[in-house]
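Novice: Okay, here's what each chain looks like letter by letter:
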Amino acid sequence: MAKNLRKLPSGRWGIAIFILCLALFPLLTVNNPYYINVMVFVGINTIIVVGLNLLMGYAGQISLGHAAFYGIGAYCSGLLTAKYGCSPWLALPAAVALTASVAYLIGLPTLRLKGHYLAMATLGFGMVVYIVLRQLSWLTGDSSGLMGIPGISIGRFKLDTDLKYYFLVWTMAVGVLMLSRNIVNSRIGRALRAVEGSETAARTLGVDTARYKLQVFALSAAYAGLAGFLYAHFMGFIGPSTFGFKFSIELVTMVVVGGMASIWGSVLGAAFLTILPECLRVAEDYDIVIYGLLLMVVMIFMPKGLTRTTVDLLKSRWTASPVSQTNEE
Amino acid sequence: MAILEAVNLKKSFGGVVAVDNLSFSVETGQIKSIIGPNGAGKTTVYNLITGLLPPTSGLIRFNGQTITGLKTHTIASLGLARTFQNVRLFENMTVLENVMVGCHQRMGSGLFSAICRLPKFRREEKQTAAVALEKLALVGLADQSQRPAFSLPFAQQRTLEIARALAAEPRMILLDEPAAGLNSHETVQLGKLILKIRQMGLTVLLVEHDMELVMDISEEILVINYGKKIAEGKPAEIQDNQEVIKAYLGEDFKGR
Amino acid sequence: MTTYSQVVQYVITGITIGGIYALIALGFTIIYNTTGIINFAQGEFVMLGGMIAVSLATTGLPLLCAALLSVLLVTAVGLLFERLAIHPLKGASIITLIIITIGASIFLKGVAMLIWGKDAVRLPSFSGDKPFHILGATILPQHLWILGITLSVMLLLHLFFEYTILGKAMRASAANRLAATLVGINVRKMAMCSFALSAAIGAVAGIIISPVTFSSYDVGTMLGLKGFCAAIIGGLGSSPGAILGGFLLGILESLGAGFLSSSYKDATAFCILLTVLFLRPRGILGRP
Numbered sequence: 001m002a003k004n005l006r007k008l009p010s011g012r013w014g015i016a017i018f019i020l021c022l023a024l025f026p027l028l029t030v031n032n033p034y035y036i037n038v039m040v041f042v043g044i045n046t047i048i049v050v051g052l053n054l055l056m057g058y059a060g061q062i063s064l065g066h067a068a069f070y071g072i073g074a075y076c077s078g079l080l081t082a083k084y085g086c087s088p089w090l091a092l093p094a095a096v097a098l099t100a101s102v103a104y105l106i107g108l109p110t111l112r113l114k115g116h117y118l119a120m121a122t123l124g125f126g127m128v129v130y131i132v133l134r135q136l137s138w139l140t141g142d143s144s145g146l147m148g149i150p151g152i153s154i155g156r157f158k159l160d161t162d163l164k165y166y167f168l169v170w171t172m173a174v175g176v177l178m179l180s181r182n183i184v185n186s187r188i189g190r191a192l193r194a195v196e197g198s199e200t201a202a203r204t205l206g207v208d209t210a211r212y213k214l215q216v217f218a219l220s221a222a223y224a225g226l227a228g229f230l231y232a233h234f235m236g237f238i239g240p241s242t243f244g245f246k247f248s249i250e251l252v253t254m255v256v257v258g259g260m261a262s263i264w265g266s267v268l269g270a271a272f273l274t275i276l277p278e279c280l281r282v283a284e285d286y287d288i289v290i291y292g293l294l295l296m297v298v299m300i301f302m303p304k305g306l307t308r309t310t311v312d313l314l315k316s317r318w319t320a321s322p323v324s325q326t327n328e329e
Numbered sequence: 001m002a003i004l005e006a007v008n009l010k011k012s013f014g015g016v017v018a019v020d021n022l023s024f025s026v027e028t029g030q031i032k033s034i035i036g037p038n039g040a041g042k043t044t045v046y047n048l049i050t051g052l053l054p055p056t057s058g059l060i061r062f063n064g065q066t067i068t069g070l071k072t073h074t075i076a077s078l079g080l081a082r083t084f085q086n087v088r089l090f091e092n093m094t095v096l097e098n099v100m101v102g103c104h105q106r107m108g109s110g111l112f113s114a115i116c117r118l119p120k121f122r123r124e125e126k127q128t129a130a131v132a133l134e135k136l137a138l139v140g141l142a143d144q145s146q147r148p149a150f151s152l153p154f155a156q157q158r159t160l161e162i163a164r165a166l167a168a169e170p171r172m173i174l175l176d177e178p179a180a181g182l183n184s185h186e187t188v189q190l191g192k193l194i195l196k197i198r199q200m201g202l203t204v205l206l207v208e209h210d211m212e213l214v215m216d217i218s219e220e221i222l223v224i225n226y227g228k229k230i231a232e233g234k235p236a237e238i239q240d241n242q243e244v245i246k247a248y249l250g251e252d253f254k255g256r
Numbered sequence: 001m002t003t004y005s006q007v008v009q010y011v012i013t014g015i016t017i018g019g020i021y022a023l024i025a026l027g028f029t030i031i032y033n034t035t036g037i038i039n040f041a042q043g044e045f046v047m048l049g050g051m052i053a054v055s056l057a058t059t060g061l062p063l064l065c066a067a068l069l070s071v072l073l074v075t076a077v078g079l080l081f082e083r084l085a086i087h088p089l090k091g092a093s094i095i096t097l098i099i100i101t102i103g104a105s106i107f108l109k110g111v112a113m114l115i116w117g118k119d120a121v122r123l124p125s126f127s128g129d130k131p132f133h134i135l136g137a138t139i140l141p142q143h144l145w146i147l148g149i150t151l152s153v154m155l156l157l158h159l160f161f162e163y164t165i166l167g168k169a170m171r172a173s174a175a176n177r178l179a180a181t182l183v184g185i186n187v188r189k190m191a192m193c194s195f196a197l198s199a200a201i202g203a204v205a206g207i208i209i210s211p212v213t214f215s216s217y218d219v220g221t222m223l224g225l226k227g228f229c230a231a232i233i234g235g236l237g238s239s240p241g242a243i244l245g246g247f248l249l250g251i252l253e254s255l256g257a258g259f260l261s262s263s264y265k266d267a268t269a270f271c272i273l274l275t276v277l278f279l280r281p282r283g284i285l286g287r288p
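As they're listed, the protein sequences go chains A, B and C. Sequential numbering from 1 applies to the first sequence in our numbering. Sequential numbering from 1 applies to the second sequence in our numbering. Sequential numbering from 1 applies to the third sequence in our numbering.
It should be emphasised that the hints constitute simulated quantities derived from the structure, not laboratory data. Here a beta-carbon is modelled for each residue, glycine too, at the ideal position from N, C-alpha and C. Take the hints with a grain of salt, since some may be wrong.
[Unchecked claim] Cβ-Cβ distance ranges computed for the label pairs, FRET-style: (1) K189/C with Q242/B: 49 to 59 Å; (2) A120/C with G115/A: 28 to 38 Å; (3) W89/A with D119/C: 26 to 36 Å; (4) R281/A with K189/C: 54 to 64 Å; (5) K118/C with W89/A: 38 to 48 Å; (6) N38/B with T213/C: 48 to 58 Å; (7) A130/B with E278/A: 44 to 54 Å; (8) N63/B with I275/A: 57 to 67 Å.
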């Protein structure tokens, strides 16, 4: 009994080591700012992917339009700061609140759909947002996108280098990771996983499944909004092409490759698929061929994702007992 | 006093009438069984009661309150729990967590307190885990609590489903063929468990094909065929009912 | 130009492109019915059909030969795709399968870019570019070709599914896999056939549209998604629905682009899709 209860706050050491690694990483790469730059994107993508994994992996609801929320967050914050002189720290809650509200409204009719229909509806929503963003030149003043988005500063301290921004992004990413871990191991988290397991059974146990699906959809959109905020102020320039169908697909791929229903898997998936194209850049035009091929190979041979496959492999090697510790993370 | 009443219940799928003008009631504290040949509409009746399907016409009262038209989770929160003919566990969770989902509605913590891990939240998690373990102990699964639910043997999956339903602290539980796929020893154990559940003050409605179990533990039996009531009464009366024998039990049953 | 002739013009353009959408939607439907998979690489078959035909035609091959050879080659690609990427997976989840077909789509697009570069190319029109006028609208001969070939393909498909053993077997395995297996139909072979057939139909669509809208390595994605919209609007799994959805989508999109705003042309399709999904998820002709 006591053993069961001890399971709840598990993995503190994992987080501590993870934070330590993140803090030490810049020391290893002093001479190459490029690595820091890539890691900023890994952090931003991690935030979105964790949210998407809550939605897809835990609650079992697919979204092929999550780039739209990323875009809404980025454009909201970008416009408020660049065009209306708003402070980024005021734009942040606005961006997050807007994406969450849009998700909530879209979720009302959308989340009643299941399977392929849900996939198509979210895809359609993503496309519509993308097309609208493409036509925003009357607002942004430039046909290619929005320019002149100010950087972020904390008080007088300007986050004007990649390294400083790296720490901001990863502080937020770690925060999001820990929040999500807390949610997963809670009443709400169990309710979400119950929806994935059997929505019917969950309903007969008094779980208001429609409500939780909406909540997690809005939450994952809010994460994407936060990521959009970070992206916009890091780049200083945003264009619609970043937030299209292609990126929505990449996000879903990060979730699946990392491992569904796995918080740490989300980090791994985001890292893998953010770094991979950078490596493939050496191969120039061959990069998308290799990318597509890898996607298929990973899915064919490791349908459970990298994390789960590796963990399963290790487990089968080192533990004889089938009653193994089931660790959600 | 009747805890559950169905009045002129009707459900048709397109042209097929699955439940036809069915009226019955279940007394508080009773074990009542619904029997009938395959496809008689028993599971449909359950789906109507739990709000998974809307009835074409008719109404259902639970505890004096009309529950037709209410959402499934609202009906559940009034104190009506059920199990499924084809077991529907949350396979992605441990045995304990499955039961903890059953405790969902009497926990209060929302997204915020979960995110922040407030002391209140931790306390509630602990209490819930304790309650869930208690329910597992009741059905004899306490030592399996950390196993993934899908890894349980079939018979234990069925009892886990019962424990999960009990965790919702219902007034009434609907069991849908709980003995299907169990061997005779396991069925006897199941019978004892159902009696124990009744002793705890719950009303039990049972849909079952295992006649021995039904005759042993039910106080009243409702027989339906093609969605219609063909008999209702005490086990002994049902066994002697010519109509029932003809429609369902077969000639050889009298010989037992 | 009067409003009336404008409407006629838009409707005719809409029917032309709608026929293409309908063909792509039919391709989706065939694969979905036999395997339960939504094939996101469907649009790439269209792209490949166009590109291969153009390359073959520039080598001096007669147009008809180039077209036929292109259809054959794309069919082979479809078969290969099913064998290598879909067949090895048994009981994979919807999401896994979606990602695999998306991976295939990215891969095929990449290969096309390597082979043919990023420039748009065009197949010559089948019978010249001399327009003629009906009811005040301008029509290119190619429009008639597109409509004619689209309708012929639909008719052939209908005959195939109604009157050939293979077609009937495919329909049977779509209706009830277990029952089909029991009467001796090799359901897995039917999956292969469905991919081959879809690829062939996609290639035809790509070839006949090439003279009008050009071909390039990246036309597949949008065409595929539009075809997918058409399939859902008509009712996922229904062939008449796919045809109806395709034409409807083409016409509405063309009218929307003409009278409302051409910059939101692509949004029209997805807005219609969302409306249909919210109001009547099973589509116009879909079974409940």
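Novice: Looking at the structure, which of the earlier hints fail to hold?
Specialist: 3 and 4
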